[in-house]
Every structure is written in C-alpha cells, then in structure tokens.
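Chemist: Sequence:
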Amino acid sequence: MDNGADDSAGSGVAAGATREANLDAADHRHLRHALALALRSRAQGRHPFGALVVSRDGAVLAEAENNSLPPAGDPTQHAELRAAQLAARAAGVDGLAGATLYSSAEPCAMCAGAIYWCGIGRVVYALSEARLLALTGDHPENPTFALPCRAVFARGQRQVAVVGPALEDEAAQAHLGFWQRGAAA
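Numbering follows our numbering, with no gaps: position 84 of the sequence shown is 84.
Quick caveat, the hints were computed from the structure, so don't treat them as lab data.
In this text, all values refer to a predicted model and were calculated from it rather than measured experimentally.
Certain hints may be false.
[Stated by the list, open to error] Pairwise CB distance ranges, derived in the manner of DEER restraints: (1) Thr76 <-> Leu133: 15 to 25 Å; (2) Ala36 <-> Ala90: 17 to 27 Å; (3) Gly95 <-> Asp138: 35 to 45 Å.
Cβ coordinates follow ideal geometry from the N, Cα and C atoms, glycine included.
Modelling step: build the complete structure from the supplied sequences, incorporating the hints.
Modeler: This is how it looks when you write it as structure tokens:
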C-alpha cells in the first residue's frame, strides 16, 4: 500500500505515467465516470469536480458532484467529501476499508481528512493538485493547498493507498476556460 512515502507522487508527468500503470480496466472506467461527473457539474454552473466510491466487489456506493460554488453552495461540499459521506451512510465505516474513492482531481486536505475518517482504503485521482493550480491560477473560488493527499494520509494511523495522477489531460478538459471566466460554465 502507498502511505505517502513516495516524494515524487503527483509531482509531474513521469510520476503520473508510473502511477497510471497501476490501474486496471475497471479503475479506468470508474475514473472516467468521475470525469463525467465533473463535466456534469460544470454544465450545471458549478465547479468542475466529481467523485464516486466503489466497493471492493465493484458496486458504486455513492457518487457526487461539487456543490461549493458561492453564494448558494456550501464551501465544504466538495465532490470527494460528499461521496465519502454518502458512502459511509450506505456501507458504514467498517464497510469502506476495501472501497476505492475515484476523483476527477486530487483530494484537498479537507477531503483527504474525510476519506480517512470514513475508512476508505484506496484513492484513485485524475488531476494532480499541481496541475489544478496551473489551471485555476489564483482564482478566489479555488485557493488550492500545496499539500498532496498522500502527505495528509501519511500522518494517519491507518494506511490509505493512493494512485494518481492518471488521465490528467482528460481531467483538465473540464477546467479549460472555466476559471478564467469566473464561475460561468
């Protein structure tokens, strides 16, 4: 399991290519589902992020889009946090140890904490935090942390396996032009 000890994690194309090799066909299918959720979120005028949680046996336990767009949205309603929360209600924390959270982007520190506390055992993400920052710039609605999810998970007592970035170019498509025009789809 990857507990965050890899210093190259999420730092560039080479790391992404190596990590992507660890994905099977089901992982690619679920990750592309997360990307489709991000596009759907954008089409609804919300920040372009999506996530889903899949059980050990391949059943989708929960899926969510981002709902943190001001003024009506709640800044804590990132797609990853919402999906983890829904999955914990559906399967219970004990039922999530073998589950995987698939995300269109690397979970932020808040979402990584929620994933950890829900007991999800594995995370697969598409867009790295570094690549996301390059796309969003200093947009006030997305003041990203320079804190990889692996670093958050490495501080816990339970291991969370992390695979990513993967499919970064595909994941970037949902963000192209979004942050430059403000929050308009």
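Chemist: A separate judgement is required for each hint: does it hold in the structure or not?
Modeler: Here is what the structure says about each hint:
| no. | hint | verdict |
| --- | --- | --- |
| 1 | Thr76 <-> Leu133: 15 to 25 Å | holds (20 Å) |
| 2 | Ala36 <-> Ala90: 17 to 27 Å | holds (20 Å) |
| 3 | Gly95 <-> Asp138: 35 to 45 Å | holds (40 Å) |
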